[in-house]
Amino acid sequence: MKKTFLKFMYLLNIFIPQPQWKNLYKKYINIKGAELFLQERQKQAPKPVEILPDDKIYWSLSVHDRRYIQYAFPHNQQVKNSRQADVIFKWGMNRTFRCSARKKVFIMEDSFLRSQTTVADKKAKPEDKLSISFTLDDLAPHFCGNYVSRLEQKINSDEKLKKEDIGRARKCIDKIVGNYLTKYNHQPIFVPEILKTDKHKVLIIDQSVGDYSIILGGNGKHRDFEKMLQDAVRENPDSLIFVKVHPDTLAHKKGNALGYFSPENTGYPNVILFAENVNPVAVLQNVDKVYVWSSGMGFEALMCGKEVVTYGTPFYAGWGITTDRNRIFKTAEMQARRNKKRCLEELFYYSYIWYSHYVDAVKNCPCEIETAIDYLLQKRDEYFAVNNIRKDL
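To convert, count from 1 in the sequence shown and add 1; that's the numbering used here.
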């Protein structure tokens, strides 16, 4: 048995370089660990969990990363050891997380309006990279559509929003879209020359290979993204089709940012690879139709009034405002999980307002979405001025 195993490892190392198969194995373990964790959460937390004022909180984040978001719960004591905590905020889905059944465990993720820029921005000040918003879910992250989340439960409930809530959501949508606000706000704001045409334009949104929202949100594979492209070409023969790919893919680089599309698999006459550094809302406002797996840009496209076709199971699919192609929507389970018809304003209210937490980075206290929007707009103006970034719109 040992000889067979060593022979297998030897052959594996010949045909697949060691760093690659090690990364594949690590990713496989992380995915399986995430699935086990989510399965346990689905069993253990049938009812929503409340965070009480006297609960002690443990953040599984560095002191730097929780610089702002720690102020979301100003009345709760923060502890440095998870064993002392009543509530544990676990960041992301990278590994399993075991703790006492008595603990309240929440999965943390970045919300939809996060920060001025990304952690990879070398020019930015540290505070410009920090998140001022996040989501908490004791069942599953909103993007893991294979599992039920609290956001999904809320959307699928019998609850009806008040007229003023719908109006509030509409005002926020108009302000976000009208000011080209998005998750990260460092990209130049202009209309690329290639989009300045009267022809019908279709946008296909690429994503990172191995993204949890793909694997745990519709069981996506390479062939599914290829089918998305084939469908777009077949259904829009007279349109210009833009594939928004990762810049690293176009440059034939490797790494976590590698996408599903490349010059090798997009060789259609009316398909154009698009990797220009530009604000996503500026792009979405200048196309007519969007094909997407699970990217948040799909919801931003809805906010821009565009037709959206989904292939994964993003939180905004299955409610009657998107065309959904994933076969999971034909199953009895998913039809039971998502059987309500919701409008754009309802989906926005539940995801951006009810589900998301915001922090006032000036006053160091919890705040509403409107305050977060104003803060991000102000910081973007400052960032653009300092770095001489283009803004034509």
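Quick caveat, the hints were computed from the structure, so don't treat them as lab data.
Treat the hints with caution; some may be incorrect.
Claimed, not checked - With a Cα cut of at most 27 Å, we get these calculated DSS-like pairs of lysine-lysine:
id, residue 1, residue 2
1, K57, K44
2, K33, K222
3, K130, K155
4, K123, K342
5, K184, K104
6, K184, K172
7, K176, K331
8, K105, K126
9, K123, K57
10, K44, K184
11, K341, K123
12, K172, K228
13, K172, K200
14, K202, K124
15, K197, K392
16, K290, K392
17, K155, K341
18, K123, K105
19, K176, K380
20, K124, K172
21, K124, K290
22, K172, K91
23, K200, K222
24, K33, K48
25, K126, K176
26, K155, K197
27, K130, K342
28, K130, K81
29, K163, K342
30, K380, K164
31, K33, K161
32, K341, K124
33, K164, K341
34, K163, K341
Structure-based check of each hint:
{"no.": "1", "hint": "K57 with K44", "result": "holds (24 Å)"}
{"no.": "2", "hint": "K33 with K222", "result": "holds (16 Å)"}
{"no.": "3", "hint": "K130 with K155", "result": "violated (31 Å)"}
{"no.": "4", "hint": "K123 with K342", "result": "violated (44 Å)"}
{"no.": "5", "hint": "K184 with K104", "result": "violated (31 Å)"}
{"no.": "6", "hint": "K184 with K172", "result": "holds (18 Å)"}
{"no.": "7", "hint": "K176 with K331", "result": "violated (36 Å)"}
{"no.": "8", "hint": "K105 with K126", "result": "violated (34 Å)"}
{"no.": "9", "hint": "K123 with K57", "result": "violated (35 Å)"}
{"no.": "10", "hint": "K44 with K184", "result": "violated (32 Å)"}
{"no.": "11", "hint": "K341 with K123", "result": "violated (44 Å)"}
{"no.": "12", "hint": "K172 with K228", "result": "violated (37 Å)"}
{"no.": "13", "hint": "K172 with K200", "result": "violated (31 Å)"}
{"no.": "14", "hint": "K202 with K124", "result": "violated (34 Å)"}
{"no.": "15", "hint": "K197 with K392", "result": "holds (17 Å)"}
{"no.": "16", "hint": "K290 with K392", "result": "holds (24 Å)"}
{"no.": "17", "hint": "K155 with K341", "result": "holds (11 Å)"}
{"no.": "18", "hint": "K123 with K105", "result": "violated (37 Å)"}
{"no.": "19", "hint": "K176 with K380", "result": "holds (16 Å)"}
{"no.": "20", "hint": "K124 with K172", "result": "violated (33 Å)"}
{"no.": "21", "hint": "K124 with K290", "result": "violated (34 Å)"}
{"no.": "22", "hint": "K172 with K91", "result": "violated (33 Å)"}
{"no.": "23", "hint": "K200 with K222", "result": "violated (31 Å)"}
{"no.": "24", "hint": "K33 with K48", "result": "holds (25 Å)"}
{"no.": "25", "hint": "K126 with K176", "result": "holds (26 Å)"}
{"no.": "26", "hint": "K155 with K197", "result": "violated (40 Å)"}
{"no.": "27", "hint": "K130 with K342", "result": "violated (37 Å)"}
{"no.": "28", "hint": "K130 with K81", "result": "holds (24 Å)"}
{"no.": "29", "hint": "K163 with K342", "result": "holds (16 Å)"}
{"no.": "30", "hint": "K380 with K164", "result": "violated (32 Å)"}
{"no.": "31", "hint": "K33 with K161", "result": "violated (37 Å)"}
{"no.": "32", "hint": "K341 with K124", "result": "violated (45 Å)"}
{"no.": "33", "hint": "K164 with K341", "result": "holds (18 Å)"}
{"no.": "34", "hint": "K163 with K341", "result": "holds (17 Å)"}
Going down the numbered hints, you'll see the structure goes against 3, 4, 5, 7, 8, 9, 10, 11, 12, 13, 14, 18, 20, 21, 22, 23, 26, 27, 30, 31 and 32, while the others check out.
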